[in-house]
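Chains B, E, R and W, in that order, give the protein sequences.
Counting with this note's numbering, you get residues 1 to 302 for the letters of the first sequence.
Counting with this note's numbering, you get residues 303 to 604 for the letters of the second sequence.
Counting with this note's numbering, you get residues 605 to 906 for the letters of the third sequence.
Counting with this note's numbering, you get residues 907 to 1208 for the letters of the fourth sequence.
Keep in mind that the hints are not guaranteed to be accurate.
[Stated by the list, open to error] Keeping only pairs whose Cα atoms sit at most 20 Å apart, straight-line, the calculated EDC-like set for lysine to aspartate or glutamate is:
1) W:K1084 / B:E28
2) W:K1089 / W:E1131
3) R:K763 / R:E753
4) B:K178 / W:E1139
5) R:K845 / E:D533
6) E:K485 / R:D848
7) B:K178 / W:D1150
8) E:K480 / E:D524
Honestly, the hints are just simulated from the structure, not real lab data.
Protein chains: 4
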Amino acid sequence: MKPLYSGIIPPMITPLTARDTLDIAGLEKLVERLVEGGVAGIFALGTTGEAPSLSYRLRRELVEHTCRFVNGRVPVLVGITDTSLVESARFTNEIADFGVAAAVTSAPFYFPAGQPELREYLEELLPELPLPLVLYNMPALTKISFHREVIEWALDQEKIIGLKDSSGDLTYFKRMVKLAAEKRPDWPVLIGPEELLAESVLAGGHGGVNGGANLHPRLYVDLYEASARDDWETARQLSAKVLDLSNRIYHVGQHGSAIIKGLKCSLSLVGICDDFMAAPFHRFHESERKIIAEHLEALGIQ
Amino acid sequence: MKPLYSGIIPPMITPLTARDTLDIAGLEKLVERLVEGGVAGIFALGTTGEAPSLSYRLRRELVEHTCRFVNGRVPVLVGITDTSLVESARFTNEIADFGVAAAVTSAPFYFPAGQPELREYLEELLPELPLPLVLYNMPALTKISFHREVIEWALDQEKIIGLKDSSGDLTYFKRMVKLAAEKRPDWPVLIGPEELLAESVLAGGHGGVNGGANLHPRLYVDLYEASARDDWETARQLSAKVLDLSNRIYHVGQHGSAIIKGLKCSLSLVGICDDFMAAPFHRFHESERKIIAEHLEALGIQ
Amino acid sequence: MKPLYSGIIPPMITPLTARDTLDIAGLEKLVERLVEGGVAGIFALGTTGEAPSLSYRLRRELVEHTCRFVNGRVPVLVGITDTSLVESARFTNEIADFGVAAAVTSAPFYFPAGQPELREYLEELLPELPLPLVLYNMPALTKISFHREVIEWALDQEKIIGLKDSSGDLTYFKRMVKLAAEKRPDWPVLIGPEELLAESVLAGGHGGVNGGANLHPRLYVDLYEASARDDWETARQLSAKVLDLSNRIYHVGQHGSAIIKGLKCSLSLVGICDDFMAAPFHRFHESERKIIAEHLEALGIQ
Amino acid sequence: MKPLYSGIIPPMITPLTARDTLDIAGLEKLVERLVEGGVAGIFALGTTGEAPSLSYRLRRELVEHTCRFVNGRVPVLVGITDTSLVESARFTNEIADFGVAAAVTSAPFYFPAGQPELREYLEELLPELPLPLVLYNMPALTKISFHREVIEWALDQEKIIGLKDSSGDLTYFKRMVKLAAEKRPDWPVLIGPEELLAESVLAGGHGGVNGGANLHPRLYVDLYEASARDDWETARQLSAKVLDLSNRIYHVGQHGSAIIKGLKCSLSLVGICDDFMAAPFHRFHESERKIIAEHLEALGIQ
């Protein structure tokens, strides 16, 4: 039995031209780049998509255009995480008809819920959703992790169809892979941090939701495929390239926003879309942009 | 020169009867209890008000009714914190005409902004707001604190009119009191944790935004007033009562939600409003409710 | 019934002239400064004393000379915290005869013990000690706090005679004051952070173990005494001076070592002792020393 | 060019029969089990060895006997981490002649040093040591990590000969592997968490310092060797066994001490040594011991 999703599902950045203004032309080019790059799906409105910083109006607009541009070629997953269950449910209902394959939620992230509360939250959310649900473990930003008991419960819910883990804790990831494999071989367990993509496949994972795939989808797809077919010589070489991309693009400037800024700046430099950032962040200054440009050249990315 | 606000401004709980359903009758009784209790204002939609867990529809409804019930007797402050600047601004514009005195914002709480980014965020938010702004320091839930340099900048903005500090770090509080006193004697610096109310006044603070004032406003008002007139013998006695209330009402049950649950349960027991909690939390079970009832009796609260 | 200790018990810095070399002449001058400044005791080998960074040989030497210089004028308390119970006990036995009044221990700080484990640790340590014991709550550096249940147990142990709290959490402090007052009115509860000295006395505390008292003991003694006799006008003025000293002396340079560096540099500038720091820290450079010198002048400290 | 060490170097538990009493017979049996199990070295006095909880007298005794029992068959590495540079250096000099191959140090763990301070600490420590030095990254217990700039400096020090990383952050591990490979192909980079052993070898690592190898050295040696020769089918099977051992042995009982307790209890059950724990921990109760016994049977470990 194959997992429902496998391969690379980029957490798509959200192209903007100004506050609350979508870069629609940029979005179209980005979607083409991803689909042509061989991705297995697109995850809109995740952390890399700056979802919590966007208005709901713009989020709807983004989903609508993304689905239109994708046009059924790959599944579109959409982040619905909110601190309010009612808003999560409302938004999911508004976008369900655009052609969305699944909703994705992490934990409500203002009040840190206890694990029983987290399970009850999902229990209450589930019937409100007109879409299947993927869980998204992101403790660095939500303050809490999905513990084993919540995942075990989730594996019994038909409507919950997979897990994305961005904890960076590969031991946790392996434990979740094992739980899923025992109960639901159709349940994909996908890794967030791209630096661990090859290792996550060795560990039994089914693919990556990797920010860098916005910029160079083929590299990540090739790395996943080499790993999945046990071609570890190739995987090692490609993994070294991914690490190099990470070292060069995600550490220019300081503060936690460096990853998204680096990606947006890179995509702007290669002519895909604007690099406007939603508040509280701002695009790179010219000096940082120059460094990114040099790094892109060194990486051979155009 | 007197600070703009001084005294007790309770962070009002949000009475609910069901998911996304306001307990309007309960709200009216609660507002009366607070105003009659001598509060200096009401702060709706803070952490104690479960704001991030509520739909925007219900938040609007709450503000509208609260302003109607208060009817100008005390200023109504409203929390507008969101992870999205656009949503914060939109909401503030929607409620400004209801008779709101000021908006209150903490830091955008999904992405932890660096301090320069936090300042820029406020700089961009300010012109979008039709109301003056109070800052709300809540690092345990927003991940970041307002550092000295941001507060120094804020003191130069006429439209920013005060600070509520819920860090629990009284040294930080004293530093901010000193900054404000030097530049803007009209700037109130208010303390969140009620256990520190008397000490915060000794430290130069101007009052409290204390959850317990929902339940027993007069106790907190009396404690503030005794402290403010340097009647420390009375203040010590009342402070012991506040600590006793805190020990009895906020530590039943586990998880971080115990404070709000304890307050809502107590208000339900004394006949003010329903104790329904917004997801991801739930009201106390009967066994916990019984303990709270006993504690209320021991505290002499009816 | 009076608490066993009350007033200011400075956490004495350890004067060094080189790695593993005590500045004996400096120590003598420092002890005189403290005793003449009116302190209620001296706490050697705490955090401010860089205890964990010193060899046991030097620690013994320091205790021996300190007791000799103090010569019974005030009680000498000595930090015995170690990650190894056996080493803590051995050291305490070695120094007991020098004239030490009490040992002081925080939690073993490599492995973070659970609360029952922490209680058992103290239970096993206690019979090994030829001295009474003061508990020292320092969660920022030991990773764990002494929770209520451990303090309640400690209050039943005759040999445990007090608590120093350096958590910076005045609500915790107040809770502990209340526990002690109910069971053991002889039990002093002393505050670490000097910025909170006045407020801690209002809260029922019995004095301070304040680093700044190394530099200006009289200021802290006066502040304590004004607070203790309910002279809050004086207390407020002196408290502002303490905050000013803290702002000027403890925030030069970066990293967590700024407080001890600032104190040692200041004591060197006023001619008391050398400012050599134990590894992993180093004394200030000339540029930082100049800033400290200016601040001392502004503070009127010679 | 081969790394100086490769394969499995167990962080040996310290067999005790009572407080400050070494279980010498147990130690001999344990050493035999490890050497016969094919380990590439033995690491005494690490975290798993409870080093910080032991007296220096016992530490010396342990090293002396360990070297005697090993008798040159494999290199013996010894943890020298202390909060005091002087004590670290003193201890290293005392044990150097017993036949120790290298000293191992993590960061001084009471005061959290800044990165420049950490580098200077190592710079001062190095000339005091009569042995080569391995760095040990253990941020969960030392509060700080060895950052890139410190490792880059370390790679230029001939006397620093490798890195053990117990951060659990495989992305960090990969970055360090890359740095080492570029500058010092002889520098082993070894992984702490055994659940990541196979993945760490794929990532370029040279082996594991894995607690479970105390109990079942052959399993870890086989897993390392399969990974090192690119036999990933075997590696996956053995890796699943390691994860199973981890799930069964390290999560009985609560608190952070569960791993060492589980190991010692297991070794006691299979007749190797006593399971006495140094304070602040205690051996398992009978009920937990029974669970461990069942798990050992399920794992086929005798």
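Here's how the hints hold up against the structure:
{"no.": "1", "hint": "W:K1084 / B:E28", "result": "violated (37 Å)"}
{"no.": "2", "hint": "W:K1089 / W:E1131", "result": "violated (25 Å)"}
{"no.": "3", "hint": "R:K763 / R:E753", "result": "holds (17 Å)"}
{"no.": "4", "hint": "B:K178 / W:E1139", "result": "holds (16 Å)"}
{"no.": "5", "hint": "R:K845 / E:D533", "result": "violated (23 Å)"}
{"no.": "6", "hint": "E:K485 / R:D848", "result": "holds (16 Å)"}
{"no.": "7", "hint": "B:K178 / W:D1150", "result": "holds (10 Å)"}
{"no.": "8", "hint": "E:K480 / E:D524", "result": "violated (25 Å)"}
In this structure, the earlier hints numbered 1, 2, 5 and 8 are contradicted, and the remaining ones agree with it.
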